[in-house]
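The residues making up each chain are set out below.
2 protein chains.
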Amino acid sequence: MTRWFEEVALDTPFDLGAHTFTAEEIVRFGKLYDPQYFHTDPEAAKHSHFGGLVASGWHTVSVGHRKMVDRLFAEEDVVRAEGGEPGVSGPSPGVNRMDFHAPVRPGDTVRFTLTVTSKRPSNSIPGWGLLFNLLEGHNQASQLVYSADIVGFSKLRDYKMPIRLKALAALSQLPGIGRLIRR
Amino acid sequence: MTRWFEEVALDTPFDLGAHTFTAEEIVRFGKLYDPQYFHTDPEAAKHSHFGGLVASGWHTVSVGHRKMVDRLFAEEDVVRAEGGEPGVSGPSPGVNRMDFHAPVRPGDTVRFTLTVTSKRPSNSIPGWGLLFNLLEGHNQASQLVYSADIVGFSKLRDYKMPIRLKALAALSQLPGIGRLIRR
Numbered sequence: 001m002t003r004w005f006e007e008v009a010l011d012t013p014f015d016l017g018a019h020t021f022t023a024e025e026i027v028r029f030g031k032l033y034d035p036q037y038f039h040t041d042p043e044a045a046k047h048s049h050f051g052g053l054v055a056s057g058w059h060t061v062s063v064g065h066r067k068m069v070d071r072l073f074a075e076e077d078v079v080r081a082e083g084g085e086p087g088v089s090g091p092s093p094g095v096n097r098m099d100f101h102a103p104v105r106p107g108d109t110v111r112f113t114l115t116v117t118s119k120r121p122s123n124s125i126p127g128w129g130l131l132f133n134l135l136e137g138h139n140q141a142s143q144l145v146y147s148a149d150i151v152g153f154s155k156l157r158d159y160k161m162p163i164r165l166k167a168l169a170a171l172s173q174l175p176g177i178g179r180l181i182r183r
Numbered sequence: 001m002t003r004w005f006e007e008v009a010l011d012t013p014f015d016l017g018a019h020t021f022t023a024e025e026i027v028r029f030g031k032l033y034d035p036q037y038f039h040t041d042p043e044a045a046k047h048s049h050f051g052g053l054v055a056s057g058w059h060t061v062s063v064g065h066r067k068m069v070d071r072l073f074a075e076e077d078v079v080r081a082e083g084g085e086p087g088v089s090g091p092s093p094g095v096n097r098m099d100f101h102a103p104v105r106p107g108d109t110v111r112f113t114l115t116v117t118s119k120r121p122s123n124s125i126p127g128w129g130l131l132f133n134l135l136e137g138h139n140q141a142s143q144l145v146y147s148a149d150i151v152g153f154s155k156l157r158d159y160k161m162p163i164r165l166k167a168l169a170a171l172s173q174l175p176g177i178g179r180l181i182r183r
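Residue numbers (this note's numbering), protein chains in the order written: chain A, 1 to 183; chain B, 1 to 183.
Bound conformation, chain A alone (with noise of 0.2 Å):
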């Protein structure tokens, strides 16, 4: 979130924007990354459980990611705009659980959505808060294929820090000793 980590509300979905995914796209995702011959070959496609050509399970996550950068940084920009400082947001450090509940076929639009279910300040990095996101991607027909427990850092804004990590932050901005820290 663009949010800083005391803004953030929960359980408000965040709507993400809708993709329409081709058969283009999918072949091609399928060649690179999952190349099962029901996200490859549209006409062998047809004699799968599938019944047809379906999108790889990765392809649907990787663009519902960029469905979540691009709104987060185009609501960087309005916050900017009003003249205000964005949050920020840092990376993730991994998925609670994941399902794939119905397969996204050619021509199928997914809209995607992120709801933040529940925060805490982190217990391991000082400054920092972790956001429980529920992402949810949602076909034409309102039927839910994707559904992801994901977790993000995100920056406190009323952080006071330590004298001793200040310290430590001033040191490490000097050249041959911050290589030396960061090590």
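Quick caveat, the hints were computed from the structure, so don't treat them as lab data.
Worth double-checking, as some hints may not be accurate.
Here are some chain A residues the structure puts well away from chain B; computed CB gaps all over 10 Å [said to hold, decoys possible]: (1) P13; (2) E43; (3) G57; (4) R66; (5) V69; (6) G90; (7) V95; (8) R97; (9) Q143.
Under the rule of at most 30 Å between Cα atoms (straight-line distance), these lysine-lysine pairs were calculated in the DSSO-like manner [as the list claims (entries may be wrong)]: (10) A:K46 with B:K160; (11) B:K31 with B:K46; (12) B:K155 with A:K46; (13) A:K160 with B:K46.
Remember, it's a predicted structure, so these values are computed and weren't measured experimentally.
Glycine included, every Cβ here is placed at the ideal spot set by N, Cα and C.
Fit chain B to the given chain A structure using the hints.
Showing chain B alone in chain A's frame:
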């Protein structure tokens, strides 16, 4: 796995081979699915908390999946060459957990392994079993970069279909009726 459910050995790591990530492919994947500057811009990435370009987590996941698919196809060929009949894998219903432990940087060689940690017959789909797979990626320094608990379907070899289901399967081969049943 291309072994039959009954033959799948537990807790035996299965080497899926290694992949060396180039800056070019890291940037290509980043531009398509994860356009954050530390995945797409080698110069700007130097000023990120990663200190340089890193692969999107979804890129690492997708490459690991590709290695798995390639390895399973290769094993199928071996089983057939030995006069055997390879087992049948089904789709993956999901992921129970996924962790990104360390960044993957240009030039890193990641070796992926698959370990079946447990298995049981499916409660919902007759004739199929569930495999609980641990997928891991280690870099050239033997550092774990990525791990995931992935669930997969695997066909039972010794399954006897009840007559009721056999009749349904036969009916589903008739045009019209098959389409009706599969709905």
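Hint check:
| no. | hint | verdict |
| --- | --- | --- |
| 1 | P13 | holds (21 Å) |
| 2 | E43 | holds (18 Å) |
| 3 | G57 | violated (7 Å) |
| 4 | R66 | violated (5 Å) |
| 5 | V69 | violated (6 Å) |
| 6 | G90 | violated (7 Å) |
| 7 | V95 | violated (4 Å) |
| 8 | R97 | violated (6 Å) |
| 9 | Q143 | holds (14 Å) |
| 10 | A:K46 with B:K160 | holds (26 Å) |
| 11 | B:K31 with B:K46 | holds (18 Å) |
| 12 | B:K155 with A:K46 | holds (20 Å) |
| 13 | A:K160 with B:K46 | holds (26 Å) |
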